[in-house]
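Quick one: dock chain against chain with the hints and give me the complex.
Here's the letter readout for the chains.
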Amino acid sequence: MAFNGLKKAVTLTPSVRTLPSGVPAAPLLNLAARAPADPHAHGASGPRSDVAPRWAGGVSRTSSGLVSKSYITLPSTTPFTARFIHTSVAVKSAPEVPDFSHYRANDNDSNRALSYFMVGSLGLVSASVAKSTVTEFLKTMSASADVLALAKVEVELASIPEGKNVVIKWRGKPVFIRHRTQAEIDEARDTKWQSLRDPESDEQRVKKPEWLIMLGVCTHLGCVPIGEAGDYGGWFCPCHGSHYDISGRARKGPAPLNLEIPAYDFNDAEGKVVIG
Amino acid sequence: MAISTTIYNTFFRRNSVFVATIFTGAFAFGIGFDTAVTTFYDRWNKGKQWKDIRDKYVQPADE
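Protein chains in written order, with UniProt numbering: chain A, 1 to 276; chain B, 1 to 63.
Rather than coming from a laboratory, the hints here were simulated on the basis of the structure.
It should be emphasised that the depicted structure is a prediction, and the values quoted were computed from it without experimental measurement.
Heads up, the beta-carbon is just placed ideally off N, CA and C, and yes, glycines get one too.
Just so you know, nobody snuck in bad clues.
Examples of chain B residues lying across from chain A (beta carbon under 8 Å, computed): (1) Ala2; (2) Phe12; (3) Ile22; (4) Phe23; (5) Gly25; (6) Phe29.
Simulated DEER-style distance windows between Cβ atoms: (7) Asn9/B x Arg104/A: 21 to 31 Å; (8) Asp42/B x Gly172/A: 32 to 42 Å; (9) Val19/B x Thr135/A: 17 to 27 Å; (10) Gln49/B x Lys208/A: 28 to 38 Å; (11) Val58/B x Ser132/A: 32 to 42 Å; (12) Asp52/B x Asp198/A: 45 to 55 Å; (13) Asn106/A x Arg14/B: 24 to 34 Å; (14) Phe40/B x Val125/A: 12 to 22 Å; (15) Val58/B x Met141/A: 24 to 34 Å; (16) Asp42/B x Ser132/A: 18 to 28 Å.
Same shape as in the complex, but just chain B (with noise of 0.2 Å):
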């Protein structure tokens, strides 16, 4: 069978696991694209953030 019909089979064919596919991804998605869109702001601005430099200020202080 070819895997277009699988797919069509397993996610497609009922509305009720489709929508629950549906519901599923966009969850999935939204972990992903938090965590994608994280992921790149911290190395855009590696160096920058209070979470980087902090070793910097807080160690002295510890002291």
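Looking at chain A on its own, in the form it has when it is part of the complex (with noise of 0.2 Å):
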């Protein structure tokens, strides 16, 4: 293949070539080198100053005859001596380390505890720190405090005479306010409100017997019901006339539900009512 050839003749020698005088071809190496000038040589010309080292051969006398001698093996050129990590290297019998007691602790357990203790240090602050970022980020989500204001009606209980319905805007809702009587508040726990479309107690209903409050919103469609009317003495929603007893319960007509009821606390100090 041209490729082996070409590779077979890069990596020939170069003494395989030879001149047309028959000495071989070097092309890189000069054989009319001669040794540094010399200051004790005498001139140019003449023989070599330097003297080929006895490893390279050249002919000996001996007894047998004349002998020339090349080592392959060279001796060393310098004084051979053993070298040492340091001159004056102390000779033992083990490798001994160095003494680190100085710095060894003196007790393992409790520099374990504290170990463990940072460790634990850093999880309880990291997750405090995760806590309170997600509780804040959180908090960013909820309503602000004039929101919050906003949102909360007060009225006060004592202006409302009983049997009387007192009807306030909240959240843009009308919210219903019945001052019931006696008798209405029998009414409303004598019904056998299990039976009924979406039972509820009047006791789950109120808080107080004497006052019902519940959102002014039909069930139905989101009419505005109208108080005292209707069959059962309650609410009676115009719109496709469902009927709501006097505690706000869906007795009759479309309706699904009772009439809701909105978050509401009272306030016994100031004698008021706080919606929302």
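Okay, structure coming up:
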């Protein structure tokens, strides 16, 4: 193959090719090289002033005739000395490491406890940071104080006589407040509420029996029912004819649920109810 | 037994106990930190907050 032939040509030794004079061609080997100028030499021409080393061969005369030897394994040109790490190294029977006892902890147990304590403290602080990050982020989603202040309505209860309805506006919706008479309370409590469409007892719907507070939005389609009307002495929705009783429970008509009860609290000290 | 060994055996030996201790401690730390900061804040701003000066303004309205 051409590649192999090329490669062989490259790796040929220079001595393979001979000049017409019979001398091996060695283009990079300068056979005319001379030793560096020596002040003790006798001019440029003449015998070489440097002597070839003995290992490089040369004829010597022995008892058996002329002998020329070349040494392949060269003897050291300098006196051989074993090298140690330090010239004054101490001879020891066994290798030793430095004495670390000064740096070692006196008590491994307390060291271990301290290490775990530090790890635990880092975990504790990280957990607190993570917790407060999450909670503070969630707080940004909650309503601010001014919104919360608008979201509440206070009503003075003393101004509502017994047996009267009051309609107030709360978050854009009407809220019915009824000061119920004892007869109405008894009627609301005696009703068999288990068989109603949305079974709820009167106790579940009021915090104080004389005060019925509920959202004035019909659960059918959102009309505002009319108070003191209907077949059950409660509310009547004029839109589609839903009847609610004196506890606000759906009794007749299309309404699926009882009238909704908003979150409210009584402020007994000031005689008020706070809705929201 | 040294106290460090006792602590190690109580809290650190089992990872479940270790982690539970960390979360319990984080909970207590959160409450304590909040309380400390609030107390410091109230003392630093004594007499400036509404809850301190409320008596001056609310009482006449009630009368």
